[in-house]
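> These are the residues of each chain, in order.
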Amino acid sequence: MKNLLRYVITRALLTIPMLLILLTIVFVVVRVMPGDPVASMLGGHAPQSVIDQKREELGLNKPLIVQYGNYLLQISRLDFGQSMILHQSVLDAIGDKIPATIELTFFGMIITLLLGIPLGAYAADKRRSPQDYAIRLYGIVIYCIPVYWLGLILQMIFGVWMDVLPVAGRTGARVFVSTFEKTGFYTIDTLLVGDFEAFGDVMLHLVLPSVTLGLVLSGIFIRLTRANMLDVLQSDYILAAEARGIRHRRVVYKHAILNAFVPILTMMGLQVALLMAGAVLTETTFSWPGMGRLLLERIYLRDYPTIQGIIVIFALIVAFVSLIVDIIYALVDPRVRY
Amino acid sequence: MTEDTILEIKNLHVRFPIHIGTVRAVDDVSLAIRRGEVMGLVGESGCGKSTLGFSILRLLRPPGEIAAGKILYNGRDVVTMSERELLAFRGRQVSMIFQDPLTSLNPLFRVGDQFVEAIRTHEPRVKPKEAWARAEKTLQHLGIAPERLAEYPHQMSGGMRQRIMIGMGLVLHPGLLIADEPTTALDVIVEAQFLDLLNRLREQFNLTILLISHNLGIVAQMADRVTVMYGGRIVESGPALAVFDNPRHPYTQGLLASIPNIKLDQPELKTMPGAPPDLVAPPPGCVFAPRCPQVMEKCREKRPLEFNLSGMRVACWLYA
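Chains as they are written, first to last, in our numbering: chain X, 171 to 508; chain Z, 234 to 553.
The set of hints was computed from the structure by calculation and includes no laboratory data.
It should be emphasised that the depicted structure is a prediction, and the values quoted were computed from it without experimental measurement.
A hint or two may mislead.
Derived DEER-like restraints, expressed as beta-carbon distance ranges [as the list claims (entries may be wrong)]: (1) 178/X x 267/Z: 39 to 47 Å; (2) 174/X x 357/Z: 27 to 35 Å; (3) 238/Z x 400/X: 39 to 47 Å.
Idealized CB from N, CA, C, for every residue including glycine.
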């Protein structure tokens, strides 16, 4: 356990340089983006004096290195500044939307894993059987399908033709969000106030978006799990376990899958970034009021501070998740701990 | 079958159908192991000795299959066993240890937990704690401190892991232990220690061992009887002393002659000319005929019969 603690601390400290690099990239990217933030704020016809005044207000007249220092300082205080468009702090705008995105990606990930890992393991175990080929075909096809297209098709089937699932938004019209809003996670909020009807409604609204997201990503996980399982199933300790008379199913779904899970876990950490990108598209398709839609809206409006803030938050989430993944990694695999 | 025969293999054929044909990995092999003896199974790589070992547990990797023959363990035919019977058979009646101790233990589970699983698979009523205690006792026989059960495989040395494998093979007191090249991955010193241990355990528990090895030295040191395989067939078998002192089959003779001798001043190593046979299309007569220094016309045409020579069995026309 002492080793584990040391590992976690080391790993957490290593996140700091990674974050610095991420933040630097965001800083540079936002500044080389085409378009002038001040011009877009004030419109094209503002007199030079007003423009200069605004530049000073925003600190844009200072040398880049000073701007960079201020930027890091502000972020270290979790201060992302004010939106240029609305009189709202960037943090508030993000805080409003982030639970929706986390809820969506969380359930999306669960569906991905529930589909991808068992199907991949099964395909590996039944290698070269018709089931294996069917699962692999599914994996490739689903991976190639664009998120929004799949979303539209599912909306059409389940929302329009069968009319069993809502196609947009986080709740139905009859649910008054304000009556239970505490954390912003509607699944948690509804349960906190004990409103099970509203909880059911929230869950129903989650089905299509998270299934869409989960399906698309399941392809990668099927392929990854299958490849890793094939490797592991060839190893001596699997044969040795079978030679001890341990049931095949137990050997495959306990001994082998845990070993195959280690690289999959790494992939999960990396996939979170993709999941976020997928969420941007999914949110747009399903009118899901999350970070992805917020980002898209603000890009249209050239709201630079908000764009920067959202990207930083995404980067923080990815860094945080990869930290968590590495910790789970150490919990699963004793060799990592030492 | 005599009273003291524990395992009898009768006319076993193992095939691997692959795209260019069928590999006859084991071709009409018969073999009997007596209770309490160490049977050495020797031959070069690819001669089918490991395949024979895996066949006994019906653990052939696909596409390998037993095409014909019988494997009688205490009179019961393993070849016709159901999946369920096999589960009860593997590990409990016959256990197996493998070549590479570094990869034979699951790296994610503590060694003790792997013991407990092996024990409770066959004796589900045993409580985990009792199973752990039993594993501790086994470890004492192996000269390993019982506390090490709480460790993971990567915390142990190769020799220790191989001893653990032996322990796991013996914890259920199986009737037969198959050791497939158990020391190949170990260095000579650890190998010597391991063989000492195996000898000690053998006396203590009256073990029956099928020792598969390409290392003639180990087999000479351990085995009571020796079986020599070549090209998927048995060419010679008999008491170890007789086989090593007075080999009859030209292959065995060549094999023994090619062991370097430190006492002789040899300018170069003695080798056998030629290469092992292609098991997809073996020669029509004797498989060794193409390399045999004493080859006769008959050898190229007809597969040799097995001849009995004062306790030894030799498949060679020289003794017709």
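> For every hint, state whether the structure bears it out.
Here is how each hint holds up against the structure:
| no. | hint | result |
| --- | --- | --- |
| 1 | 178/X x 267/Z: 39 to 47 Å | 57 Å, violated |
| 2 | 174/X x 357/Z: 27 to 35 Å | 32 Å, holds |
| 3 | 238/Z x 400/X: 39 to 47 Å | 40 Å, holds |
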